[in-house]
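A.B. asks: Chain residues, written in single-letter form:
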Amino acid sequence: MHKIYFDHAATTSTRKEVVDIMLPYFTESFGNPSSVYEIARKNKQAVDEARQKTADLLGADFNEIYFTSGGTESDNWAIKGVAESYKSKGNHIITSAIEHHAVLHTCQYLESKGYEVTYLPVDEYGQVNPEDVRKAIKDTTILISIMYANNEIGTIQPIEEIGRIAKERGVLFHTDAVQAMGHIPIDVKKANVDLLSFSGHKFHGPKGIGALYIRKGVRIKPLLHGGAQERNRRAGTENVPGIVGLAAALELAIRDMEENNKKMLELRDYIIRGITERIEHVKLNGHPTKRLPNNINFTFDFIEGESLLLLLDSKGIYCSSGSACTSGSLDPSHVLLAIGLPHERAHGSLRITLGDENTKEEADYLLEVLPSVVQRLRDMSPLYEEFKRKNK
Amino acid sequence: MYSEKVMDHFMNPRNMGEIENASGVGVVGNPKCGDIMKIYLDIEDGIIKDVKFKTFGCGAAVATSSMATELVKGKTIEEALKVTNKAVMEALDGLPPVKVHCSVLAEEAIHAALWDYAQKNGIEIEGLKPPVDHDDHHHDIHEDDE
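If you read the sequences in order, they're chains A and B. With the numbering used here applied, the first sequence has no gaps in its numbers, which climb one by one up to 378 at the end. With the numbering used here applied, the second sequence has no gaps in its numbers, which climb one by one up to 164 at the end.
Any given hint might turn out to be false.
Stretch-level coverage of chain B by chain A, calculated; a stretch enters the list once three of its residues show a Cβ under 8 Å from a Cβ in chain A [unchecked claim]:
#1 30 to 40
#2 50 to 60
#3 69 to 76
Beta-carbon label-pair distances, calculated as ranges [what the hints assert, rightly or not]:
#4 Met19(B) / Glu102(A): 51 to 61 Å
#5 Thr262(A) / Gly64(B): 19 to 29 Å
#6 Gly35(B) / Glu102(A): 52 to 62 Å
For the record, the hints were derived by calculation from the structure and aren't laboratory data. Because the structure is a prediction, the values reported are computed rather than measured. Built from N, CA and C at the ideal position, the CB exists for glycine as well.
With the sequences and hints as input, model every part of the structure.
C.D. replies: Here it is, written out as structure tokens:
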């Protein structure tokens, strides 16, 4: 059976060209960039070139890019590192209710250490109102952290505007751009951000590598202590193959972005239309237009997400859901609850995230299979039985 | 994550459906937690002649409902009462720890349907307790799992 991968927001395959670029750094070019002899110096140069390339792609300077182990580390570092550096100025952090757990749980940890955190609500489409950010700023506010685009519902935030407000008020602004990087154009200067996190494996780069943009002049304590790598800010021997792979993948993603997005937007809207037309009692979650070109998120009333994923899996279609059973906790997705879905509807969500390799034929297969799969679960559901009885 | 038996009962659920004018109907769980089980019993001369279920929930919720109906079908009320969540789990070759509560729900759904039958017929079934307030119970179970 043909397998269809519709979960690109979870992770992507590493591009063949990227793997080829990385491979020599596992074997013949294995040197530690901190050593002095030739094979090590060459690797130091490879890391520097990757840093310059990454910086150029984001409109940043060479010294503003710091390589990390991924999005989670970048988010942890940005928030904890700034919180500690600026604690003499204040202890207040502003974030949103729909952040990734790498941000939310970090903020909750800081609350346990005496920091105060404001979790801004979002509207029904998942957008933060910049005016809410402005109103939440106090004398003690040291950091605002709002994601660039949401991982579940794909909603893109008004980052430039929030950044402008932060700048006006002299508050640092961090954005988790893990889902946005390589998918929509990002320029750190235009976005008015002071810190920006991203991760390689979301745009066909390798896993285990990411970066944090730290604007020149921002003070930040290290998260990892040890050697003098990354200008004394992030200890640990550089992941040379990862760093080289990250820069190469980002370059390719940005090079092909316009073409890929044109194709994905068409496919995205084709699937959204198809689902809306073919299945009753559904709701598109997230913003109708201000959303990532590859994101589709629907709620199907009366059914539960994990069951839906299992049945789709049995048909060779790989997706994800925001149900409790897939979030690994009691509650369904905090993002879906934050946009106002009641629990039972939040349990019945399906996320389809496209990649450039997905085709119209795959979309057609999904649209052919999905109605019967949803109906099968509805026929099994006591909620649907009740609904039908009431609406006879 | 799931055993083959769980997947089999999820993909091919046994006794899924409704019974019109059932002798007893039990509904447990709540939409907030993401699972609801409804069990229909057809009881004649103290024997469960037929049983059907409807479930809103994850793969394990469907599979435990299906297995629970299999285990009580054709049994006496007394025998059905002895079908515990552990028995349901064992019959499914186990469940992941976070899904144990589904088997508890399945046991409770059977008990709730028997309770409904007893209430309707003005009889008392020895050892059968009224259905518990499910909301609290469910949360406790989840916390134990973590």
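A.B. asks: All hints, please: hold or fail.
C.D. replies: Structure-based check of each hint:
1. 30 to 40: holds (count 3)
2. 50 to 60: holds (count 7)
3. 69 to 76: holds (count 5)
4. Met19(B) / Glu102(A): 51 to 61 Å: violated, 39 Å
5. Thr262(A) / Gly64(B): 19 to 29 Å: violated, 51 Å
6. Gly35(B) / Glu102(A): 52 to 62 Å: holds, 54 Å
The structure is inconsistent with the numbered hints 4 and 5, although it conforms to all the rest.
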